[in-house]
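Participant: Here is how the chains run, residue by residue.
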Amino acid sequence: MKPAPFVYHDPRTIDETLAVLDRHRDEAKILAGGQSLIPLLNFRLARPAVVVDINRLPALDGIREEDGRIAIGALVRQRRLELWSRQRFPLLADALGHVGHLAVRTRGTIAGSLAHADPAAELPALLVCLEGSVMARSAAGEREVHASELFVSPLTTSLRADELITEVSLPRPTEGAGWGFLEVARRHGDFALVGVAAVVAIAGDRIERVRLALFGCGSTPVRAIRAEATLAGQPPTPDAISAAAHDAAAALAPDGDLHATAAYRRSVARTLSARALGMAIHRARRSGG
Amino acid sequence: MREVRLSVNGQEYLRPVEARRTLADFLREDLDLTGTHLGCEQGVCGACTVLLEGEPVRACLLLAVQADGARVTTVEGMADGDRLHPLQEAFRAHHALQCGYCTPGILLTALAFLAEHPRPTRDEIREMLAGTLCRCTGYQFIVDAVAAAARTMSP
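In order, the protein sequences belong to chains A and B.
Mind the numbering: the first sequence is residues 157 to 445 in the working numbering, read in order.
Mind the numbering: the second sequence is residues 537 to 691 in the working numbering, read in order.
No lab work stands behind these hints, which were simulated from the structure alone.
One or more of the hints may lead you astray.
Pairs of lysine to aspartate or glutamate, DMTMM-like flavour, derived with a Cα cap of 20 Å [to be verified]: (1) A:K158 <-> B:E591; (2) A:K158 <-> B:E565; (3) A:K158 <-> B:E554.
All chains should be modelled from the sequences, with the hints used to inform the complete structure.
Facilitator: What follows is the structure in structure tokens.
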């Protein structure tokens, strides 16, 4: 099918963008990379009266390194960040490599994927795992929305209709921490049936800190709080990893669909959690943590 | 309607276009460049892949107005007159197409890929092809063709 008619704005300043959003609110959709929105328009699953294209706002196109985090402008394409992060932030490069296909990542943005909030998508889970945040700006002002408050339900965030994500803030894992990012999908590049992001810091012979987030098995990305607590302070043994993976899977309430039953998803979540934690611990040890 | 000016395969076009027109429909309907095919219209099948400023993009997921001022390459821009591009020649020699519906998107995806990976492994070729669907060939001959084209283009 083809998109229904809409009024098209491509503002040249952020202030002008915010004014248009303020004027049209729920009638408007923001168009960044378009890799989620345009399929919805093509199939008329979304019929916004107004489309606000932010692609002519070069001020949103920057990547900044700051103390312990990177700040990613709302227009930064997934492919650009993937290439940028290969040497500087390998967990991020690994996660981005799973997002769609290359010809999708050349257009798709980081902020757009977060705003779309697909519970089976990689980047929302990464934001949750790293405890990142987004800057949301509106004509009324600016606020920081943390990952723990951003994702509400499938395809729904806590952002208001007049708000624009201007920047994504992604904390780096602490020096010496290890990471694992794994997913199971029907084909490479598809949305995950289940995916896992893990970051582990080791001090001496014990696990100091764990962050574990799962995707594809809930209405939002899920932080495995109990599993994190199970592992913290423990020696990194196979038994400890196995207990944490059990806790991570037990806390899930996945849905079944034609791709995978709920029981299968929970089983894969347990297996992937154990593997990702194992990889993270291995990498942390190798870096001398 | 908006005026859109863009360069396709080195030729400049200026056309009025409705904002809701995708680049794929614009190429096919307004410029009569029907080599760009449309399959799924949701970015999955890869048939509509073209190069935007040299990078592969889904033409079904881009509005024509967004390509204003841009340089686009479609399958019509690959051959040099009657002389096929080495990739096209390799597809013919290795039987890498049957119905041909997916071929334009695969050719352009492969063209951008070979620019970044002049000597790809077969695994890298397979990963590149994961972004495009072909229901005829079973992909084996496409992998052969891309590998052969790489050898011709970067001996």
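Participant: Hint by hint, note whether the structure agrees.
Facilitator: Hint check:
1. Distance restraint check for A:K158 and B:E591: the Cα-Cα separation of roughly 24 Å exceeds the 20 Å cut-off, and the hinted pair is therefore not satisfied.
2. For the hint linking A:K158 to B:E565, the alpha-carbon distance of about 13 Å falls within 20 Å, and the restraint holds.
3. For the hint pairing A:K158 with B:E554, the CA-to-CA distance comes to about 12 Å; that is within 20 Å, so the pair holds.
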